[in-house]
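The whole structure should be built from the sequences, with the hints applied where relevant.
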Amino acid sequence: MCYVVAKDRYAHGSYAYKTQQGRHLLELKRELNDAVGFKGVQIMTISRLEAYTEYAPYQIIEDEQELIRLVKAMRDS
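Here the sequence shown stands for residues 83 to 159, numbered as in the working numbering.
Keep in mind that the hints were calculated from the coordinates and are not lab data.
Hints should not be assumed to be uniformly reliable.
[Stated by the list, open to error] Derived DSS-like pairs (lysine-lysine); straight-line CA-CA distance at most 27 Å:
1) Lys121 with Lys154
2) Lys100 with Lys121
3) Lys100 with Lys154
4) Lys111 with Lys121
5) Lys100 with Lys111
6) Lys154 with Lys111
Below is the structure:
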């Protein structure tokens with residue numbers, strides 16, 4: 083188990099989506115990185131939310147499509 087975390091470098095808090103390691107995770111991160119380009123949005127994978135307090139507070143996202151929509155909206159802000 084791991085989390086994909088999306089953080090706007092200029093905002094407080096981040097989005098976190100719980101997922102499994104593997105090929106699908108790689109494809110998801112690639113899609114998110116392609117969507118935001120160099121717009122000040124960090125996409126990272128972490129194992130435990132509580133170990134990375136610099137990205138807190140986390141808004142837990144349950145649906146992958148919702149995460150993609152939210153990350154794309156971060157790009158536009």
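Here is how each hint holds up against the structure:
1. A hinted pair counts as satisfied when its Cα atoms are at most 27 Å apart, and Lys121 with Lys154 qualifies at roughly 10 Å.
2. Between Lys100 and Lys121, the direct Cα distance comes to roughly 24 Å. Compliance with the 27 Å bound is thereby established for this hinted pair.
3. With a C-alpha separation of about 18 Å, the suggested pairing of Lys100 with Lys154 holds against the 27 Å cut-off.
4. For the given pair, Lys111 sits about 15 Å from Lys121 by alpha-carbon distance, which is consistent with the 27 Å threshold.
5. Between Lys100 and Lys111 the alpha-carbon distance is near 13 Å, which keeps this suggested pair within the 27 Å criterion.
6. The straight-line distance between the Cα atoms of Lys154 and Lys111 is roughly 13 Å, inside the 27 Å bound, and the hint therefore holds.
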